[in-house]
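Student: Protein chains in written order, with our numbering: chain A, 1 to 273; chain B, 1 to 382.
Treat the hints with care, since some could be wrong.
To be verified - Just a few of them, taken from the derived set where beta-carbon distance is under 10 Å, the chain B residues facing chain A:
1) 251
2) 256
3) 259
Since the hints were derived computationally from the structure, they do not count as laboratory data. Where is the CB? At the ideal position from N, CA and C, for every residue including glycine.
Here's the letter readout for the chains.
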Amino acid sequence: MSALPTVSAAESSSAAVGRVVSGGVDTSHRAILYLEDITVSFDGFRALDKLTLTIDAGELRCIIGPNGAGKTTMMDVITGKTRPDSGSAFFGQTIDLTRLTEAEIAHAGIGRKFQKPTVFENHTVFENLELAMKTDKRVRASLRARLDSAQLDRIAATLDLIRLSGEARKLAGLLSHGQKQWLEIGMLLMQEPQLLLLDEPVAGMTDEETERTAELFKTLAGGHTVIVVEHDMEFIASIADVVTVLHEGSVLAEGSLDKVKNDSRVIEVYLGR
Amino acid sequence: MNQAQVIEIPAMPAVRLPAGLGTPPALFSVKGWAALLAFVLSVSVLVPVLFIIVPQDNSFHLSAYFVTLVGKIMCYCVVALAMNLIWGYAGILSLGHGVFFALGGYAFGMYLMRMIGREGQYQSDLPDFMVFLDWKAYPWYWSFTEHFWYALLLVVLVPGVLAFVFGFFAFRSRIKGVYFAIITQALTFAFMLLFFRNDTGFGGNNGFTDFKRILDFRIAEPATRATLFALTGIYLAAVLVLTRAIVRSKVGRILTAIRDSENRLMFSGYNPLWYKLSVWTLSAVLCGIAGALYVPQVGIINPSEMSPANSIEIAIWVAVGGRGTLLGPVLGAALVNGAKSFFTQSFPEYWLFFLGLLFILVTLFLPKGVIGIVEMLRRNRA
Ligand SMILES: Nc1ncnc2c1ncn2[C@@H]1O[C@H](COP(=O)(O)OP(=O)(O)O)[C@@H](O)[C@H]1O
Ligand SMILES: [Mg+2]
Chain A
1 MSALPTVSAA ESSSAAVGRV VSGGVDTSHR AILYLEDITV SFDGFRALDK
51 LTLTIDAGEL RCIIGPNGAG KTTMMDVITG KTRPDSGSAF FGQTIDLTRL
101 TEAEIAHAGI GRKFQKPTVF ENHTVFENLE LAMKTDKRVR ASLRARLDSA
151 QLDRIAATLD LIRLSGEARK LAGLLSHGQK QWLEIGMLLM QEPQLLLLDE
201 PVAGMTDEET ERTAELFKTL AGGHTVIVVE HDMEFIASIA DVVTVLHEGS
251 VLAEGSLDKV KNDSRVIEVY LGR
Chain B
1 MNQAQVIEIP AMPAVRLPAG LGTPPALFSV KGWAALLAFV LSVSVLVPVL
51 FIIVPQDNSF HLSAYFVTLV GKIMCYCVVA LAMNLIWGYA GILSLGHGVF
101 FALGGYAFGM YLMRMIGREG QYQSDLPDFM VFLDWKAYPW YWSFTEHFWY
151 ALLLVVLVPG VLAFVFGFFA FRSRIKGVYF AIITQALTFA FMLLFFRNDT
201 GFGGNNGFTD FKRILDFRIA EPATRATLFA LTGIYLAAVL VLTRAIVRSK
251 VGRILTAIRD SENRLMFSGY NPLWYKLSVW TLSAVLCGIA GALYVPQVGI
301 INPSEMSPAN SIEIAIWVAV GGRGTLLGPV LGAALVNGAK SFFTQSFPEY
351 WLFFLGLLFI LVTLFLPKGV IGIVEMLRRN RA
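Looking at chain B on its own, in the form it has when it is part of the complex (with noise of 0.2 Å):
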């Protein structure tokens, strides 16, 4: 048997590359540790001190309400940047992100739902819902629902697979674009619908709330709220971390050119669906551990987390702050979402108005979205 010759490229006699080329960048500068370490200091020491230890009446105190408001932003900034590694980096637009997220916070809030005991209204071992619909038992699907460990595995789990089932089978088919981006809304609609029927199990309408303890520490407690909190900053800090060895990675590169010329990457021999899938999954996984965290700090889970117009919203908090950059994701979840708690404490009418108006004006003026404003200045300066 022959092999018919691979195609020398001629040798040449020693061509130099510019230096630097082919060496990666470093993960961060050391500007970015530091900044990232400060981060990560704040949210782990100085909002503790400031919120248990510093009295009430001392102007550094901080509320309940703030360390609360700050630690959901944080969850959703997560959400963010697990939308911007599907959406930003491999051009799949997802309006289902916010099933993932839920699915995270329901896996967990069952075992918060465990931890309240008989502290219930009923008094009884079964949460409230399951007695007002006289249930005489936990489903199966409940089943050991009561260990913290099993619990988190839920967490990660029931998202991932369900978005590795669902991709596979999307981008195997090959699904793109608003297609796709329209069975993703049709998947979080379809989840919202089964988790309001009360006989899903999974408290209908209201879903869970009323939560007492995780572990064996008092949700209500401030220092248990304050390690939520910094759990909470250090997983966004990681999650940043992360985003950025990927994209740097020649994954990353893998990932854009999916966004930029997927037949191109096909014929240069690469299956994008196996990439697709890795982080997608890695996407829902991400969000689903974030709603986890969201879910014993807001207090409450349920089904509107799923509805249509919530994934939307993850859509526009990316396009504002920047798609496609690395902290654009995060600036734009942080800028919507303090913007949305002051509108719907001062003119609630006035908020989707609003929003609406924010993402066509950034369409249409701000492709590169907030961070594209802060880069042109640094230029300008430059």
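If we strip away everything but chain A, and leave its shape as in the complex, we get (with noise of 0.2 Å):
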């Protein structure tokens, strides 16, 4: 039915997870996440105002927009951060993120990337891959917890993915700023999420680092689906295949980067200035 390969239900549910949603999520319609006339007002000032967006499961998607246009708090309501005061956002077909909290749309499979990058800083690199890696996370079965060689294979792997495999030992508070990023993304993977909402991934990266990061979201194309909230033009250009502008809370434009950047109304708003 799908283009997508598939994994065995028995793979995704292996891993007993919590008080959750269990399973995969339904793609049956292509779409993964489906956002309607979702309204977030601060004291009166609407963040979000209608903000109606479909994500089709294995897309690239490129979120661009000017400060303030309401990206982050678009990820905060996805993610079970912020509750929207009215509209919908659901997860496949069944799964309504409004209803979940934040640790269960972690299991239900949506991971994220904060603006400022987010690790446990009194932790090595090693742990916080292994904190964040997709396994029972309740109390009692993380007492007992102990590695096995499959999960140290993988933990290793995502090491070598993230060019950090030098620094397993290494507090992660003592990374670079662009070597946290790299550590974040990392996390994310372990948690095996199928969508990925990736605020900001390469600021304050160098350049050559932005390249590799762009590599990498490559290397992970085929098959998955990431959002990507960026101000990189260039970074943007090297991996988009549809690039939707927000503007005060709302779409404003939608479609290939070429079709967008030609955009009046996002010519005035965005480009322009």
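Using the supplied hints, reconstruct the complex from the two chains, each of which is provided in its own coordinate frame.
Tutor: Written out as structure tokens, the structure is:
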């Protein structure tokens, strides 16, 4: 039915998760994320104003827009940090995100990278990945948790992928800004999410790191879904399929990068300035 | 129904992890175990011998005063370890831990009161304070407290249930930081006021005292005192091992992750509520048991144990010793209380000034407490 390679239900539910929506997400109608008429107000100010957005499974979507457009707030809604005043948010066909806690949403398969890199600074790089790893995350399981060799291999592979193998024992707080960004991305991958939300993943990276990040996203491309909020147009040009422009809490334009770049309204509110 | 693909990390040509990663460190080093064993032997053999068998005129004899003082301080050391679990590791500052300690003490105190039997002033079956209030029978919540095992159960359950219920609502509402500290102060203050009232049935501001025996042993007997002392020391050692086991497990890493970045942890799929609630309740129970060991040794429990200042002092012990370290809190509780007994004998009026000054100095200059100095010296030597 779908072009996407599937993962057996047994595999995706094998890691017994807490009080959770089990199994995978139902993407039988292609879309993996539906936001409809989402409104969020802070003291009367509308950070999101009837935002409607659909993301297909397997897409790599870039979201751009001026500061204050509501990009981070949108991620807050998707991950359960902020409850919308109205509107609906569904993960696949069945999972109502507005009813779940942050932890339940993470279990359901949504991983999030914050705008400001957020890692456990007093833990080693290795421990950061260990904590993020998809597994039973309830108290009793954690008391007895021991890493098996498959899990160790996973951590080793991720360390290699994010180029931090040499830093495995280092405290995360001692990493450079760009390395922290990479570590956070690595932590997301350890969660094995189906949908990745990346809030300004290359902010503060050197040109070389940015290039390598674009490469990483491309190696991950194929079958999974990524939403990237970015300002760096060069970076967007190097990875984007479809670009959505947010402005004052709703969608201003959507389409290929070339198309939105030439949209007169987009030029006026964003690119032109 | 389709399932979106789980992101695969590309298979790597066997990547090697640096050796030793992922295998948890030993619970204690050989040296650590040896020190622990030496400690347990001295509290359970050496001190009893020096106290009971060595005659009083021998310079190695230990006085009853010394045994009581050290026994009391060891109870405080456990409280400091319990406080460190919740504050040092999970980052949740409680300024109400005194209430759990006192409730454990009162729960066991009820048993001790009933063991007085008719040896009280009024030679009644009821404790003197009830006779004084003209009560004719024990109120219902004193039922079964004449049974030793039931009293022990209360020692665990009363602080445990209170902490669980209080913690559940506080953590579920995501009350944190200074707000949490303030409501814990309010909690202990409210209990203090409640226990001050005579008709609450716990002896009002005099509390419980004049205990005579535990099981069939007279409390004043040196052998009984030595046993209580040894039990306290062994309990302290056990709590130390427990703390180390928790800290070293994945739960320990999750607790420090709650302290450092609760958001990241939630978005990684952990529900911090249950972690906080478990360690909070455990911490309260550990304090309760320490309170139960404290009361028969010190011979009194009254509502002043629940005064807000007492709970603040607990936080100071931990800060002075070094929060978030294994031995720091023990060291802090011992040092501060040692200094306190010196001050209250020699210059009682200066104690609070000294305590305040100590706290300010440590906060400003020793973020890692006394244990921080020890570590620094060690590193310099290396
Ligand atoms: N917790 C909050 N309280 C008040 N205003 C907020 C809050 N979060 C975001 N906002 C406001 O909502 C608007 C959208 O913010 P945000 O989503 O962070 O924008 P972006 O990520 O696109 O730069 C901004 O004007 C911001 O000031
Ligand atoms: Mg933002």
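Student: Run every hint past the structure and note whether it holds.
Tutor: The hints, checked one at a time:
1. 251: At about 5 Å, which falls below the 10 Å cut-off, the nearest Cβ of chain A leaves the hint on residue 251 of chain B intact, so it holds.
2. 256: 6 Å, holds
3. 259: 8 Å, holds
Violated hints are absent here; each numbered hint is respected by the structure.
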